[in-house]
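Novice: Number 1388 in our numbering belongs to position 18 of the sequence shown; there are no gaps in the numbering.
In case anyone wonders, no lab produced these hints; they're calculated from the structure. Here the structure is a predicted model, which means the values were calculated and not measured. Hints are not guaranteed to be accurate.
Have a look at the derived ranges for each label pair, beta carbon to beta carbon [to be verified]:
| id | residue 1 | residue 2 | range |
| --- | --- | --- | --- |
| 1 | I1443 | Q1400 | 36 to 44 Å |
| 2 | S1438 | N1372 | 27 to 35 Å |
| 3 | N1372 | G1418 | 30 to 38 Å |
| 4 | V1373 | F1434 | 36 to 44 Å |
| 5 | M1419 | I1376 | 28 to 36 Å |
| 6 | S1386 | G1422 | 15 to 23 Å |
| 7 | G1421 | N1372 | 20 to 28 Å |
| 8 | I1441 | G1421 | 15 to 23 Å |
| 9 | T1397 | N1372 | 41 to 49 Å |
Backbone N, C-alpha and C fix where the C-beta goes; we use that ideal spot for every residue, glycine too.
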Amino acid sequence: MNVIVILLYIVFAIASVGIVLFVLLQTPKQSGLSSGLGGSGELFGGRGMEGGLVRVTSILGGIFLVLSLVINILTK
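Working from the sequences, and respecting the hints, build out all of it.
Specialist: Okay, here's the thing in structure tokens:
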């Protein structure tokens, strides 16, 4: 059981670092007052690389949530 918990902690740490990296790679949705007045062409964001970054961040967030619950249950 200790080996499983250690492996879960390692995956948990990797997911944590991944979330931080993928959030930092995303471009901000607003870039100040000029974006609100300029009427940008992309209202909901593209489905290219930015959509992929959002998807990977969401998946890593789900993994983070599930692993935190599983680790909490296993260590009690």
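Novice: Each hint: holds or not?
Specialist: So, going through the hints one by one against the coordinates:
1. At about 39 Å, the CB distance of I1443 to Q1400 agrees with the hint of 36 to 44 Å.
2. One distance hint, 27 to 35 Å for the beta-carbon pair S1438 and N1372, is violated here, with the actual separation near 18 Å.
3. Restraint check, N1372 to G1418: a C-beta distance of roughly 44 Å breaks the suggested window 30 to 38 Å.
4. The hinted window of 36 to 44 Å between V1373 and F1434 is violated, with their beta carbons roughly 21 Å apart.
5. Between M1419 and I1376 the beta carbon distance is about 35 Å. The supplied range of 28 to 36 Å therefore holds.
6. Hint check: S1386 to G1422, Cβ distance near 20 Å, so the stated range 15 to 23 Å holds.
7. Checking the proposed 20 to 28 Å range against G1421 and N1372 shows it is violated: the Cβ atoms sit about 40 Å from each other.
8. In this structure the supplied range 15 to 23 Å is violated for I1441 paired with G1421, their Cβ-Cβ distance being about 30 Å.
9. Distance hint check: the CB atoms of T1397 and N1372 are about 42 Å apart, consistent with the given range 41 to 49 Å.
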